[in-house]
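**Student:** Hey, can you work out the whole structure from these sequences and the hints?
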Amino acid sequence: MSLVEIKDLNKTYGSKQAVHRLSFGIREGSCVALLGPNGAGKTTTLQMLAGLLAPTSGSIRFNGLPAQADLRRYIGYLPQQGAYYNWMSGSEFMHYSGQLAGLSKKEAVQRTNDLLDRVGLQEARKRKIGGYSGGMKQRLGLAQALIHQPKLVILDEPVSALDPVGRREVLELLKEIRKEATILFSTHVLHDAEAVSDDVLMIRDGELVLSGTLRDIRNAHRQPVIYIEEDVPQALQTWAIEWERLAHVTELSYQDGIVKLVVEQPDEVKQQLLQQIAQHRIPIRRFELAQTTLEDLFLKVVSS
Amino acid sequence: MRTWMLMYRKELLEMARNYKWIWIPCVFVLLGVMQPLTSHLMPQIIDAAGGLPEGAVIEIPPPVPSVVLLETLNNFGLIGVLVIVLSSMSIVSGERNSGVAGMVLVRPVRFLSYITAKWAGAMTLVTCSLLLGSLSAWYYTELLIGDLSLLDTLYGSLLYLLWFAVILALVVFFSATLKGAGPAAFLSLALVLALSLLTGMLPAWMTWSPARLTAHAASLLTEGQLLDLFWLNILVGVTMIVVLLVSAAALFRNRPLVD
Ligand SMILES: Nc1ncnc2c1ncn2[C@@H]1O[C@H](COP(=O)(O)OP(=O)(O)OP(=O)(O)O)[C@@H](O)[C@H]1O
Ligand SMILES: [Mg+2]
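Top to bottom, those sequences are chains C and S.
For reference, each letter of the first sequence is one residue, going 1 to 304 in our numbering.
For reference, each letter of the second sequence is one residue, going 305 to 563 in our numbering.
Hints are not guaranteed to be accurate.
Stated by the list, open to error - Listed next, the in silico DSS-like pairs over lysine-lysine satisfying Cα-Cα at most 27 Å (straight line):
(1) 483(S) / 137(C)
(2) 105(C) / 179(C)
(3) 314(S) / 137(C)
(4) 314(S) / 300(C)
(5) 483(S) / 126(C)
(6) 106(C) / 314(S)
(7) 105(C) / 126(C)
Keep in mind the hints are simulated off the structure, nothing from the lab.
**Tutor:** The following block contains the structure:
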């Protein structure tokens, strides 16, 4: 059952269409990655979901709640660039956020302890936020988004500002959180999405280009590829042009001395290629049959 | 109401952390002490400045306590207002520009609560500062110049306080609707100045103006009675505060919280 339904969401800034006819649902209990390159409209989408930005048109409905209900109660939000009261200490900010979200003072203190522990800020909790590093602020932002045990946790690039270790820690944390809440997070790194999410939504120029579970997408878009690496510089340059015209080759690229062919009948194409290579003694170092990865698909989606 | 109190207390705490609770009362106390002191010391000051030419006999009338207090209140109305406006010009825009307003308003918080808690927080500081200033003025006037009714002092101060409340609502309004702190301060000061000047120059046209509150205070202190249309001015003042705060919240809500 879906927790949130988004229908025909639009946002225009002047003449710029930042989000265009976006429709999707978020299943209760799932972890969804909103994937897209810079400027794709991820932040804009999440801000509308969090209630910070009014959509130009379209609707956002929470299941079981009337259309005019104050959704903010059920949402925890981490903005891409979190801002805090620098004069407060970490735990003061957490107490304040928790109480604003409706917790009693006692509950807020308890949750603060628990969460600051989990994000690794227990030691720094009494220090002023003004003295926190960027990564520490990011963790604090994550903790404050979770303080009131929201139904839906919206995280805008939760790991982008972190070092590799912090990145892994936060991804682990997300895995834990997803037992308790539904998560929607944005990222422009496919790897992050693969690490924790069940579903992905890929957007480009404000439009949804691909969505579904990771597995379905991977299976549906898997294609055979052949990689051929040259042994002498430029050796494959002219051949690449030739091979592009072969039957069953849908796509060819030549970069850094490697020819990459996306093909339909791998066996047939392989035979032809190997024959030519042997016949003309083309100097190659590697010949490999493989499958396109999600990364390839993502890059294609993003750059086309 | 609970979230309102939370935000209100946060305002008070913030003003303590950035020392507003120290320096703004200090300014008012200083202004309060200065007028009685200079009035008292006027003869010595003139002497020290070279004195009067030989043979010149100029009577310096002894200062009148109520007039000294009135001059103090006048200073509050000039320098005090400047301090109030400049210290609170980014009261809303500051949080909005830094993005922290967004962190608060993703919580189930009413925009009107957010705005009014800010106004009330600043108002608390202004009230305490003004009362401290007036009490110091009263104390030093009693000590150095002559008898002054404490009740009249408080009454006159309260009239100024209402005028300050209008000014603060104006600052909150501009701070919530404009991006920059500078323009908000400038517009607030320009409007206050225009209202005060017009009220002084066109008394017949401006009988409604809340800027007359200061004139009521003057009349009360020197003549012992208020001017006409006192309640009209109170009513217009209070209405202005309500309208400004409510529309600040509405306009703030309709502008995206993020850029
Ligand atoms: N306040 C604004 N005014 C005008 N245009 C805007 C505004 N905010 C965003 N845009 C435009 O809308 C588009 C989507 O922006 P958005 O911030 O949602 O992208 P994003 O996917 O979050 O990118 P990034 O990965 O860089 O954070 C961009 O082209 C951006 O220029
Ligand atoms: Mg973004």
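**Student:** Are the Cα atoms of residue 314(S) and residue 300(C) separated by 27 Å or less?
**Tutor:** Roughly 50 Å separates the two Cα atoms, so the pair is violated.
**Student:** Residue 483(S) and residue 126(C): Cα distance at most 27 Å?
**Tutor:** This hinted pair is violated, its Cα atoms lying about 33 Å apart.
**Student:** Is the straight-line distance between the alpha-carbon of residue 483(S) and that of residue 137(C) 27 Å or less?
**Tutor:** Holds, because 25 Å separates the two Cα atoms, which is no more than 27 Å.
**Student:** Are residue 105(C) and residue 126(C) close enough, with their CA atoms no more than 27 Å apart?
**Tutor:** With Cα atoms ~17 Å apart, residue 105(C) and residue 126(C) stay inside 27 Å; holds.
**Student:** Residue 314(S) and residue 137(C): Cα distance at most 27 Å?
**Tutor:** This hinted pair holds, its Cα atoms lying about 20 Å apart.
**Student:** Would you mind confirming whether the straight-line C-alpha gap from residue 105(C) to residue 179(C) stays at or under 27 Å?
**Tutor:** Holds, at about 26 Å.
**Student:** Need the status of pair residue 106(C), residue 314(S): alpha-carbon distance at most 27 Å?
**Tutor:** holds, 18 Å
In summary, the structure is inconsistent with hints 4 and 5 from the numbered list given earlier, while agreeing with the others.
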